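Residue numbers (the numbering used here), protein chains in the order written: chain A, 253 to 590; chain B, 253 to 590.
Simulated from the structure, these hints should not be mistaken for lab results. It should be emphasised that the depicted structure is a prediction, and the values quoted were computed from it without experimental measurement. Glycine is no exception: its CB is placed at the ideal position from the N, C-alpha and C atoms. Any given hint could be a false lead.
What the hints assert, rightly or not - Derived DEER-like restraints, expressed as beta-carbon distance ranges: (1) B/R364 x A/P511: 45 to 53 Å; (2) A/R580 x B/P465: 42 to 50 Å; (3) A/E567 x B/D481: 52 to 60 Å; (4) A/A314 x B/G423: 43 to 51 Å; (5) A/D358 x B/L544: 52 to 60 Å.
Unchecked claim - Partial chain B-side listing against chain A, Cβ under 7 Å, derived: (6) L391; (7) A461; (8) P509; (9) G510; (10) D512; (11) L528; (12) R529.
2 protein chains.
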Amino acid sequence: MSPVNRRIVLAARPHGEPRPEHFRLEEGRVPSPGEGEVLLRTRWLSLDPYMRGRMSAAKSYARPVEIGGVMVGQTVSEVSASRHPDYGEGDLVLAESGWQDFSVSDGRGLRRIDPAGPAPSTALGVLGMPGMTAYTGLLEIGRPTPGETVVVAAAAGPVGSLVGQIARLKGARAVGIAGGPEKCAYLTDDLGFDAALDHRDPGFADALARACPDGIDVYFENVGGAVFDAVLPLLNDFARVPVCGLVSGYNLTELPPGPDRVPVLMRAVLTKRLALRGFIVWDFADRAPDFLREVGGWLREGKVRAREDVVEGLENAPDAFAGMLRGRNFGKLVVKVA
Amino acid sequence: MSPVNRRIVLAARPHGEPRPEHFRLEEGRVPSPGEGEVLLRTRWLSLDPYMRGRMSAAKSYARPVEIGGVMVGQTVSEVSASRHPDYGEGDLVLAESGWQDFSVSDGRGLRRIDPAGPAPSTALGVLGMPGMTAYTGLLEIGRPTPGETVVVAAAAGPVGSLVGQIARLKGARAVGIAGGPEKCAYLTDDLGFDAALDHRDPGFADALARACPDGIDVYFENVGGAVFDAVLPLLNDFARVPVCGLVSGYNLTELPPGPDRVPVLMRAVLTKRLALRGFIVWDFADRAPDFLREVGGWLREGKVRAREDVVEGLENAPDAFAGMLRGRNFGKLVVKVA
Numbered sequence: 253m254s255p256v257n258r259r260i261v262l263a264a265r266p267h268g269e270p271r272p273e274h275f276r277l278e279e280g281r282v283p284s285p286g287e288g289e290v291l292l293r294t295r296w297l298s299l300d301p302y303m304r305g306r307m308s309a310a311k312s313y314a315r316p317v318e319i320g321g322v323m324v325g326q327t328v329s330e331v332s333a334s335r336h337p338d339y340g341e342g343d344l345v346l347a348e349s350g351w352q353d354f355s356v357s358d359g360r361g362l363r364r365i366d367p368a369g370p371a372p373s374t375a376l377g378v379l380g381m382p383g384m385t386a387y388t389g390l391l392e393i394g395r396p397t398p399g400e401t402v403v404v405a406a407a408a409g410p411v412g413s414l415v416g417q418i419a420r421l422k423g424a425r426a427v428g429i430a431g432g433p434e435k436c437a438y439l440t441d442d443l444g445f446d447a448a449l450d451h452r453d454p455g456f457a458d459a460l461a462r463a464c465p466d467g468i469d470v471y472f473e474n475v476g477g478a479v480f481d482a483v484l485p486l487l488n489d490f491a492r493v494p495v496c497g498l499v500s501g502y503n504l505t506e507l508p509p510g511p512d513r514v515p516v517l518m519r520a521v522l523t524k525r526l527a528l529r530g531f532i533v534w535d536f537a538d539r540a541p542d543f544l545r546e547v548g549g550w551l552r553e554g555k556v557r558a559r560e561d562v563v564e565g566l567e568n569a570p571d572a573f574a575g576m577l578r579g580r581n582f583g584k585l586v587v588k589v590a
Numbered sequence: 253m254s255p256v257n258r259r260i261v262l263a264a265r266p267h268g269e270p271r272p273e274h275f276r277l278e279e280g281r282v283p284s285p286g287e288g289e290v291l292l293r294t295r296w297l298s299l300d301p302y303m304r305g306r307m308s309a310a311k312s313y314a315r316p317v318e319i320g321g322v323m324v325g326q327t328v329s330e331v332s333a334s335r336h337p338d339y340g341e342g343d344l345v346l347a348e349s350g351w352q353d354f355s356v357s358d359g360r361g362l363r364r365i366d367p368a369g370p371a372p373s374t375a376l377g378v379l380g381m382p383g384m385t386a387y388t389g390l391l392e393i394g395r396p397t398p399g400e401t402v403v404v405a406a407a408a409g410p411v412g413s414l415v416g417q418i419a420r421l422k423g424a425r426a427v428g429i430a431g432g433p434e435k436c437a438y439l440t441d442d443l444g445f446d447a448a449l450d451h452r453d454p455g456f457a458d459a460l461a462r463a464c465p466d467g468i469d470v471y472f473e474n475v476g477g478a479v480f481d482a483v484l485p486l487l488n489d490f491a492r493v494p495v496c497g498l499v500s501g502y503n504l505t506e507l508p509p510g511p512d513r514v515p516v517l518m519r520a521v522l523t524k525r526l527a528l529r530g531f532i533v534w535d536f537a538d539r540a541p542d543f544l545r546e547v548g549g550w551l552r553e554g555k556v557r558a559r560e561d562v563v564e565g566l567e568n569a570p571d572a573f574a575g576m577l578r579g580r581n582f583g584k585l586v587v588k589v590a
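Let the hints inform the model, and build the full structure from the sequences given.
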């Protein structure tokens, strides 16, 4: 066991892209669990776009990380010492323990992971928060019906890839948008998407229109920006837009130049009777059992596939995180910590 | 009976505000009903903001009026001659007969008006399309719960005034936004709104914030523009925004200057989990019986009140219509034609 606890704290709030100076690796003593507590050792750390929001002081749906505070994040951790009646040494748990080697928990918020089940790291991806985000956003807000066209951006990521696969399982056409030919080939060849478009292609907007000859009925919004601009004119009457993320804007330091296109967007909402709705996964917490049963079943049966992008070493988390915001990852980004 | 049929046709498509030269008053022969048809004489013509959209060639939820075509509009008309088995001379009907003295109908789309019921012109207002717009948009999309705050703009108009009154009947707080002190006084003193704000007041945004100390849960969008800008920061998590109209933008000839604030709006949708949804009244056509029963009952019991702004003479419709788009009307604008 490592004699020190390494932890990555927020050193400064980024204005724009997170860079190395916004993080600091600190070493400290491994904490000791008190009565009723467990000591957790991080095995896998999840890196997710929402963390960019927590680095900023702006009001959002969750409190920002404080300067000097450990970066937040879900982990798969192993109980390395227990003074808690419900947990024994070696148990695997899902924890909100952040970017560090060790942490102490009183058990609240832990969820046990079945060591005989799927690979533990899937609890951070297809069977975890990203998977449930895809499942609930698509089915509770997007509500595709057979034959409809579902478009999703960041489609090679953990949320988008599941959105498209579930859309197909529900009888809809799935059109994915991703960055680069390799990711696009993965969507169509490995995941069965009906079409995939590279948003870096200069002819992207036209290609999207050709890939959606019957328009778009559901646009699962992960990215915002230029992709949304290309989608908006293609939305059909009564289209649904679950707004899950806006990753293209997370590092924006200023608004795009004018004109102000809010009236264009609102006119489309009115005349096409669009439904735009923001959500976060916890808004649908009561769907967790259905999600685990249904997506877990699809995964076992090979009807959905999930890809991981594994980074070795906690110290590499900041660079991997910054890369993810630029679309560098290919699959669910996880850090193998121990 | 007038020996001629006066009709107001679209002479040219306006770029910006409709002006006299965009309309033309034509006189023609009174048409003769064929077998199975009725001749209708217009008593009341409804003037509504949606008609501005029909004057433009841009794609919307309904086809534009053709150049030289009679301006569209709902009327309360009297059957002045009948060769239709279901209608007799003197019957009152709701018709889509447009801006003219006479028209012929084969009966399709007509709805009989009970001469013993409320004043016939209410079929164009509180018991007609505007009333049902308020009822369905508020209850199907806004869904206010007791104690929530409902804000509506164009609140002294036929849609907004009913939105606020229904919100109160459902136990919510109603805050109205209107143009000028007279309309604001009407909202609070006559209709029982909890507060009313004048959007022309230079301190409007601050006043709105003070009038909504617990934020805004439902914003019924009739106008867009600066009012929406003031509302957006006050929206609570999970607020609902039925998008019914954007009258402040109907005469826009160019987009407002930058920056482009679409990212601001989308970020609010995401972080506050807002639901924005456009609708037109016909999307909820199956609610018509409930609407007529419930709002009809409230009207009889004096629980809702409706105000009309009556203009005399078909020839005055263009000027009255242009004035309405600038907020000049005070209550449901109807033209007394005959």
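These are the hints, each one checked on the structure:
Distance hint for B/R364 and A/P511: a CB-CB separation of about 49 Å, consistent with the stated range 45 to 53 Å. Taking the beta carbon of each, A/R580 and B/P465 are about 46 Å apart, inside 42 to 50 Å as hinted. A/E567 and B/D481 have their C-beta atoms about 45 Å apart, which leaves the hinted 52 to 60 Å range violated. Restraint check, A/A314 to B/G423: a C-beta distance of roughly 31 Å breaks the suggested window 43 to 51 Å.
For A/D358 paired with B/L544, a C-beta distance near 59 Å keeps the hint of 52 to 60 Å intact. Here the hint on B/L391 is broken, as its CB sits about 16 Å from the closest CB of chain A, past 7 Å. Against a cut-off of 7 Å between C-beta atoms, the interface hint on B/A461 is violated, since the closest Cβ of chain A lies about 15 Å away. A hinted interface residue such as B/P509 counts as satisfied when its beta carbon comes closer than 7 Å to some beta carbon of chain A; here the least separation is about 5 Å, so the hint holds.
The closest approach between the C-beta of B/G510 and any C-beta of chain A is roughly 2 Å, which is under the 7 Å cut-off, so the hint is satisfied. Below 7 Å, beta-carbon pairs count as interface contacts, and B/D512 has one with chain A at about 4 Å; its hint therefore holds. A distance limit of 7 Å between C-beta atoms decides the matter here; for B/L528 the minimum to chain A is near 5 Å, and the interface restraint holds. Among the interface hints, the one on B/R529 holds; its C-beta lies about 4 Å from the nearest C-beta in chain A, closer than the 7 Å criterion.
Going down the numbered hints, you'll see the structure goes against 3, 4, 6, 7, while the others check out.
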